[in-house]
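**Q** Here the protein sequences line up with chains A and B, keeping their order. Heads up: the first sequence begins at 1 in UniProt numbering, then just goes up one per residue. Heads up: the second sequence begins at 1 in UniProt numbering, then just goes up one per residue.
Derived from the structure by calculation, the hints contain no laboratory data. What you are looking at is a predicted structure, and each value in this text was computed from that prediction instead of being measured. Hints are not guaranteed to be accurate.
Identical copies look the same in the list; a pair holds intra-copy or inter-copy alike.
Stated by the list, open to error - Once the Cα atoms are required to be at most 30 Å apart in a straight line, the calculated DSSO-like pairs of lysine-lysine come out as:
hint: 1; residue 1: Lys109; residue 2: Lys73
hint: 2; residue 1: Lys58; residue 2: Lys28
hint: 3; residue 1: Lys158; residue 2: Lys28
hint: 4; residue 1: Lys66; residue 2: Lys158
hint: 5; residue 1: Lys23; residue 2: Lys68
hint: 6; residue 1: Lys73; residue 2: Lys28
hint: 7; residue 1: Lys151; residue 2: Lys73
There are 2 protein chains.
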Amino acid sequence: MSSVAVFGVSPGNVPVYHGSDLKVVDRKVRITELVLRCVIFGLGVLAAALVGFDVQVKEIFSIQKKAKFTDMKALVFLVIANVLVATYSLLQGLRCGVSMLRGSLLLNKPLAWVIFSGDQVMAYLTFAAVAAAGQSSVFAELGQPELQWMKICNMYGKFCTQVGEGIASSLVVSLSMVTLSCISAFNLFRLYGGNKGKSSGGW
Amino acid sequence: MSSVAVFGVSPGNVPVYHGSDLKVVDRKVRITELVLRCVIFGLGVLAAALVGFDVQVKEIFSIQKKAKFTDMKALVFLVIANVLVATYSLLQGLRCGVSMLRGSLLLNKPLAWVIFSGDQVMAYLTFAAVAAAGQSSVFAELGQPELQWMKICNMYGKFCTQVGEGIASSLVVSLSMVTLSCISAFNLFRLYGGNKGKSSGGW
Chain A
1 MSSVAVFGVS PGNVPVYHGS DLKVVDRKVR ITELVLRCVI FGLGVLAAAL
51 VGFDVQVKEI FSIQKKAKFT DMKALVFLVI ANVLVATYSL LQGLRCGVSM
101 LRGSLLLNKP LAWVIFSGDQ VMAYLTFAAV AAAGQSSVFA ELGQPELQWM
151 KICNMYGKFC TQVGEGIASS LVVSLSMVTL SCISAFNLFR LYGGNKGKSS
201 GGW
Chain B
1 MSSVAVFGVS PGNVPVYHGS DLKVVDRKVR ITELVLRCVI FGLGVLAAAL
51 VGFDVQVKEI FSIQKKAKFT DMKALVFLVI ANVLVATYSL LQGLRCGVSM
101 LRGSLLLNKP LAWVIFSGDQ VMAYLTFAAV AAAGQSSVFA ELGQPELQWM
151 KICNMYGKFC TQVGEGIASS LVVSLSMVTL SCISAFNLFR LYGGNKGKSS
201 GGW
């Protein structure tokens, strides 16, 4: 690997990494990526299960009413987004683990582009799902008196609490996906770093 | 600038940019950035104005009812997010324009980090605002019969149409911000590109 270190020396005003430092940074980035993908898989499955299997039955004047996640489209979107991101993270985590076992630390450009694009899509998808579900749960918790939309969480307390736990879990998933999308941007765009030098001080 | 070209030659298996190509790419990236920041500023102001000044008064049984954006918290969030992103884009656009006039094409690391972080925050902020407002407008347009939340757009048609135009404008803003955050990631992380070479084929 010493040849990589020699290629990595920069003649410009950008800090120079030595070979061993570079390997340590790469390994740390790789381990962080693997941990985050495992966290996303675990919490994505948990969030989908918490929301998807959440049911509460209430008897109101001898009529049985059932609250379930399909009553609100934002919750359906949240479950689908979590299942998608968990599956995606499982596949990416396997790729990441295999490449670590093989000892290869850098990506080639096409693969780096695929991973970067996938991570970006998943980060914005989960973020949008959490924002939409969060907005719906604010309506459910507080109502919207100006529009005569009444709060429903005083009727279905257990249901709402479990949905809240699912949304909290999804929030951690989406923040982890945001961090991962930064890591995959780093892994991709540093492959384009051949133009350091003179004009970097002018901005 | 020919010295930059010499520094930019890569000995690894990553495609080599020549000095003139590099300058052309940098200039194209810079112009795209400036155009996007102008688009975001214009459409951000438009979206905030469309939603913020949207009012419709209806007389129902001799009682005057007024629909305005403050009736729905998601629309208040959307207006604030658009004002923030428009102001941010104006400042960043000025910086971008000044640096183009000065002829400097590369960033230094601290500034690249500031721009990258700001762009990321703004991209996710506008995306969350659009998702939350979109979710609310689905409720307003279709209602949610399972929860006895009635649709309101059949009463306030003009109000809803104008809000819809504001959300569409915000969607373009958020997609432009996503593109910009990719550009600023490129501008930042290519400064770290000193480690191309041997192991990139193994993934």
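**Q** Look at each hint and say if it fits the structure.
**A** Each hint tested on the structure:
1. Taking the shortest Cα distances, Lys109 and Lys73 never come within 30 Å of each other, neither inside one copy (38 Å) nor across copies (43 Å).
2. In this assembly of identical chains, the alpha carbons of Lys58 and Lys28 never lie at most 30 Å apart, being 51 Å within a copy and 61 Å across copies at closest.
3. In this assembly of identical chains, Lys158 and Lys28 lie within 30 Å of each other by CA distance neither inside one copy nor across copies; the values are 41 Å within and 55 Å between.
4. Proximity of Lys66 and Lys158 under a CA criterion of 30 Å is satisfied intra-copy only: 12 Å inside one chain copy versus 36 Å between copies.
5. In this assembly of identical chains, Lys23 and Lys68 lie within 30 Å of each other by CA distance neither inside one copy nor across copies; the values are 50 Å within and 57 Å between.
6. When the C-alpha separation of Lys73 and Lys28 is checked against a cutoff of 30 Å, the pair qualifies neither within a copy, at 40 Å, nor between copies, at 42 Å.
7. For the identical chains of this complex, Lys151 and Lys73 are neighbours both inside a copy (17 Å) and across copies (15 Å), given an alpha-carbon limit of 30 Å.
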